[in-house]
Amino acid sequence: MNGRLVLYMIGRVMQVESVLMLLPFITGLIYKEGDAFCFLIVAICEFLVGFLLSIKKADSNSFHAREGFVTVALSWIVMSLIGSIPFIIANEITSPVDAIFETVSGFTTTGASILTDIEAMSKCCLFWRSFANWVGGMGILVFVMSLMPLMGAQNMYMMKAESTGPSVGKLVPKVKSTAAGLYKIYCTMSFVLFLLLLIGRMDPFSALMATFATAGTGGFGILNTSCATFTTYQQVVITVFMILFGVNFSVYFLIITKKFRAAFKCEEMRWYFAIIFAAIALICFDLIASGNMIGSFGDTLNHVSFTVGSIITTTGFSTVDFNQWTEFSKNILVILMFVGACAGSTGGGLKVSRMVICIKSVSKMIGQSLHPKSVKIIRFEDKPVEHETVRSINNYILAFIGFFVISMMIISLDNYSFTTNFTAITATINNIGPGLNEVGPTGNFADFSDLSKIVMSLDMIIGRLEVYPILILLAPSTYKK
Amino acid sequence: MKIIVIGCGKIGYAVAKSLAKENHDVAVIDENPKRIEYVTNTLDVMGVVGNGASHRVLADAGVESADLVVALTHSDERNILCSMIAMKAGGARAIAKVTDPVYSEEVPYIMEDTGIAMLLNPEKVTADHIIRLLKMPSAISIETFTKGQAEILKLEVPEDCDYLNMSLVEIMKRVKEQVLICAVSRDGDVFIPGGDYKLQAGDLIEVLGAPKASSAFVKKLKVPGFTKVRMAMLMGASGMSEYIATELIKHGINVKVFDKDESKCIRFSQNVPDAVVINSDPTAVTDLNEEGIENADAYVAISPEDEQNVLLSLYASSKSDAKVVTLLNHENYETVTEHLNIGSTMSLQRVSAGMIVRYVRALNNSKGSNMESFVKMMDDKAFAMEFMVSESSPVIGIPLADLRLKRGALFACIVRGRKTIIPSGVSVIEGGDTVIVVTTREDVMDISDLVEE
Chain A
64 MNGRLVLYMI
74 GRVMQVESVL
84 MLLPFITGLI
94 YKEGDAFCFL
104 IVAICEFLVG
114 FLLSIKKADS
124 NSFHAREGFV
134 TVALSWIVMS
144 LIGSIPFIIA
154 NEITSPVDAI
164 FETVSGFTTT
174 GASILTDIEA
184 MSKCCLFWRS
194 FANWVGGMGI
204 LVFVMSLMPL
214 MGAQNMYMMK
224 AESTGPSVGK
234 LVPKVKSTAA
244 GLYKIYCTMS
254 FVLFLLLLIG
264 RMDPFSALMA
274 TFATAGTGGF
284 GILNTSCATF
294 TTYQQVVITV
304 FMILFGVNFS
314 VYFLIITKKF
324 RAAFKCEEMR
334 WYFAIIFAAI
344 ALICFDLIAS
354 GNMIGSFGDT
364 LNHVSFTVGS
374 IITTTGFSTV
384 DFNQWTEFSK
394 NILVILMFVG
404 ACAGSTGGGL
414 KVSRMVICIK
424 SVSKMIGQSL
434 HPKSVKIIRF
444 EDKPVEHETV
454 RSINNYILAF
464 IGFFVISMMI
474 ISLDNYSFTT
484 NFTAITATIN
494 NIGPGLNEVG
504 PTGNFADFSD
514 LSKIVMSLDM
524 IIGRLEVYPI
534 LILLAPSTYK
544 K
Chain B
1071 MKIIVIGCGK
1081 IGYAVAKSLA
1091 KENHDVAVID
1101 ENPKRIEYVT
1111 NTLDVMGVVG
1121 NGASHRVLAD
1131 AGVESADLVV
1141 ALTHSDERNI
1151 LCSMIAMKAG
1161 GARAIAKVTD
1171 PVYSEEVPYI
1181 MEDTGIAMLL
1191 NPEKVTADHI
1201 IRLLKMPSAI
1211 SIETFTKGQA
1221 EILKLEVPED
1231 CDYLNMSLVE
1241 IMKRVKEQVL
1251 ICAVSRDGDV
1261 FIPGGDYKLQ
1271 AGDLIEVLGA
1281 PKASSAFVKK
1291 LKVPGFTKVR
1301 MAMLMGASGM
1311 SEYIATELIK
1321 HGINVKVFDK
1331 DESKCIRFSQ
1341 NVPDAVVINS
1351 DPTAVTDLNE
1361 EGIENADAYV
1371 AISPEDEQNV
1381 LLSLYASSKS
1391 DAKVVTLLNH
1401 ENYETVTEHL
1411 NIGSTMSLQR
1421 VSAGMIVRYV
1431 RALNNSKGSN
1441 MESFVKMMDD
1451 KAFAMEFMVS
1461 ESSPVIGIPL
1471 ADLRLKRGAL
1481 FACIVRGRKT
1491 IIPSGVSVIE
1501 GGDTVIVVTT
1511 REDVMDISDL
1521 VEE
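Going down the list, the sequences are from chains A and B.
Numbers 64 to 544, taken from the working numbering, label the letters of the first sequence in order.
Numbers 1071 to 1523, taken from the working numbering, label the letters of the second sequence in order.
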């Protein structure tokens, strides 16, 4: 374990975070808020510490998978802990555990909140919350890599650890250009969304915050009612963009390089859209059939699409209280929470590709039971899937369920209903935000005990980094010589 | 440049590694997903799994915008096919590895009809390296420039050298040969020597000059092993040893080849009738002794098994003063065997990667500057580059003493027509000259990069 180099990397990440923290400081200056200086102080201190950590580059350049995982896991933890300090010294969130929960929720693009009155918060704090969504969406280390020439090939380990999905590849030969390419796509799409919201007569600050939260599929709102008071146009724009940010970014890369056919053929994207349309159709039908229409048919369609888009991409915005819907519709939503968005997107969840490969492997098993000696290869994206990949997906899901069960046991000590507990963990470990009942769109996570909040904070990081980095960080054998 | 490497065996890996290190955008294609996984984890390159002769796979690797495709799979035919499809798909240049001597003999014919820019035969180029070493046994390695008009020899300064502790200026006065010590490695530090550099025993030096001058210099320096090779022993009857044996026999050198495989021996004997072919396992030392290993002047262990090569070379070094050359195919063995007495080491992948990097450098520069070739020396810590100086170059017409050179750079040699000149302070570079530059700087792309602004 090359601890020196890991520390160096974390130092770099801290420096980047401190620079990013100047943005809420500037926001605070613009709105003449005293809280702004809390960000400045924290930024300066963090920069100095980061500088001290990275002042001496490690003697050995040996950086392998374990260093990659540990760096990513520690970076996210450090980043969240430091990111929560301004909230505490600005006295916007009094309890440290609450502040950490809120920041983790921001960076992991969960969007679960412990705030009961969001609107009471200062603008710079609101900015920092939403901005965390945006940064966390594509990943902080990917950001660092796109800026700094670090160590060449070894970066791939970090990219793999931080990016989502069962198999992470590069878009172009160099890690640095791949990272930069991803951020270019991300920034361009965010900017278009911002413009469209401005055109829809949203005030610039709200539009920017909505853009951050949508692009990162985070879901931090700046209103207590989330997106309920937005105009239909604004809601439709956000729906479309939530869904777009949930698409595998390699599709956009193919579009940029004018390989439209290959982009259109992306199997994961097709499944993703199929699931979205099926879910919208089923819920609309169910709401109409059970007489629970929300206004006109058009309105119903709008709200249902918004909700489905928000849940499957794990954004977590809401326009209506879907907690009031029928059990069937709520069930569909909970299933969508697990499916999640595409691999290589900013969304969370188990990812469509994992689900599809899982289903295909089950169907392969059925085939093999019927024809015991048959040989069948699972294909995905028109390519054979390695047995190793299938196995790692199965293990991933097992580990995921393991964390899920343990977390649920711990938070059930707070004695809420089963639905609340189940969906609270679902919503945090899949980085969604709202669940059902107490943690539904109108509720929040404020009343949980500190222990539960810490468990859920960990769950959010586990979900965002897809289990393994945290598992490896905690495994004692990682540090053995 | 954008470069696609097809086939990621040992050679493919070495090529991808050197090219990625030179900051090119490299994509590798291999049919083995595990191999691709390994390569993308250890090098900053993009991996594509599939058959490199398939247009779709090539397109995934970005063939449309690629500048060069290097086909290095195990099959010659597939390499040629890969190259042709890649050229058709994107207009890239192509290099194909072709090992079978049947094809190698028809290189000009194949190149003309297919448009392939270079047919690389790793065994042949490695054999060429080994032959050069055997002709000049005192050298640890030899690199040639301007079609053989100048060469750089790597030597180790012997204990009984007459010029120990003399400054470079003094040595040159006494030696009276047109040569230049252009790089020195002392205890791992590599530097370009100034006039006050004093020779020490054990220094590794790179000597530049015309072949005649440098061999005279080697003699005066008393580097051991400067006896003409009369008998050479080759371990392993492969294509490579055929190349070496044929060339050595042409120079009147007696060649004995050992291989335990009878069919290989028979084929070797058919192709190289004048060689003495011995069908025996060389590790059974008795036959080596019987054939007179202590009388051998050169001993070349080039069997496919590294371990056997190392062992046999160790044995040969203990038995005789022969020039020993050892082939190491496993990349990591070079560090392992660093301190073993196994003479000069060679590896197919290092030589091949060197050739391709040399080609790419020249290609890169034919766009802007005019680097003709590029050679790494002293464990890649120093570089020798050959430039064609154009009429418009800023270095023309100025005495070298008046050019403000950057640190760690040296105008080592000027080749004008058929003359090889070791320049002094009053020398002037003219348009049309070929200049060899030695530098420890990594950022040199053009001759003007050497001069302070």
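Source of the hints: derived by calculation from the structure; they are not laboratory data.
Each residue gets a CB set at the ideal place from its N, CA and C atoms; glycine is no exception.
Do not take every clue at face value.
[To be verified] DEER-style ranges, computed between Cβ atoms:
no.	chain 1	residue 1	chain 2	residue 2	range
1	B	T1405	A	M472	48 to 56 Å
2	A	C250	B	D1516	33 to 41 Å
3	A	K423	B	K1104	44 to 52 Å
4	A	H434	B	K1104	23 to 31 Å
5	B	E1375	A	I318	25 to 33 Å
6	B	P1178	A	I319	41 to 49 Å
7	B	T1405	A	M428	53 to 61 Å
[Claimed, not checked] As a list, the in silico DSS-like pairs of lysine-lysine whose alpha-carbon atoms are at most 27 Å apart:
no.	chain 1	residue 1	chain 2	residue 2
8	B	K1298	A	K446
9	B	K1298	A	K120
10	B	K1091	A	K427
11	B	K1217	B	K1104
12	A	K446	B	K1072
13	B	K1080	A	K239
14	B	K1298	A	K239
15	B	K1451	A	K119
16	B	K1072	A	K321
17	B	K1104	A	K233
Violations among the numbered hints, reported as their numbers in ascending order: 3, 5, 7, 8, 9, 10, 11, 14
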